[in-house]
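Chains as they are written, first to last, in the numbering used here: chain Y, 1 to 115; chain B, 1001 to 1115.
Bear in mind the hints are in silico, worked out from the structure with no lab data behind them.
Think of the CB as a built atom: it goes at the ideal place given N, C-alpha and C, for glycine as much as any other residue.
Mixed in with the good hints, there may be bad ones.
Partial selection, computed: residues in chain B whose CB lies under 10 Å from chain Y [as the list claims (entries may be wrong)]: (1) P1008; (2) Y1035; (3) G1059; (4) D1063; (5) F1065; (6) Y1102.
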Amino acid sequence: AQTVTQSQPEMSVQEAETVTLSCTYDTSENNYYLFWYKQPPSRQMILVIRQEAYKQQNATENRFSVNFQKAAKSFSLKISDSQLGDTAMYFCAFMAPDSSYKLIFGSGTRLLVRP
Amino acid sequence: GAGVSQSPSNKVTEKGKDVELRCDPISGHTALYWYRQRLGQGLEFLIYFQGNSAPDKSGLPSDRFSAERTGESVSTLTIQRTQQEDSAVYLCASSLSHRGPYGYTFGSGTRLTVV
């Protein structure tokens, strides 16, 4: 069974600084997808960034980038130039390409951006 | 509609009562998912609907939980004889099936409190 582990329950960063959130996963699959979702107090899950396991190049979306280490089964999220609006829960998620495309989530990291 | 709509936003019920939670997916989205999020935890997959195919019910935690969806329209998640451990946020997501991992859109969830 696939599992996703986020070992940092809470993180704090000064506005404009850079922060890295950790995520590791366990799977025997070779082809899969990885995601980072943001959940603000509104509860709606917002996709931050995604990575296809067959792509070696790390995904980047503006201030957000990932460090994908397939052999180590590690998928960390780097937020550059942190903004107050980045304060939220962040969840790492895994998806195997089976017929259901269901997501398996980690337990989340609460990020606080300090002014 | 423009997004995934869930109702009610919040629900307080007495232990032992039945509850129904509703999800209106984005028009045209053939895939629909229900997830449960307990306090301080990540999302757990409950059930998946795809068009008129048999649903994937592998995540339902007990036979007190059931869900229905007619075609590609509204879905209802029913919890019978609610227990305190059912207290959680229940999130719905929909997707265009052919987009698989690229098309998830989440609703804002229903917070269920069993007293």
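Going through the hints against the structure:
For P1008 (chain B), the interface hint is violated, since its Cβ never comes within 10 Å of a Cβ in chain Y; the closest pair sits about 13 Å apart. Interface hint status for Y1035 (chain B): upheld, as the beta-carbon distance to the closest one in chain Y is roughly 8 Å, under 10 Å. The criterion of a C-beta within 10 Å of any C-beta in chain Y is met by G1059 (chain B), whose closest approach is roughly 7 Å, and the hint holds. Evaluation of the D1063 (chain B) hint against chain Y yields a violated restraint, the C-beta minimum of about 20 Å exceeding 10 Å.
For F1065 (chain B), the interface hint is violated, the least distance from its beta-carbon to any beta-carbon of chain Y being 16 Å, above 10 Å. Of the supplied interface hints, the one on Y1102 (chain B) holds, with its beta-carbon coming within about 8 Å of a beta-carbon of chain Y, less than 10 Å.
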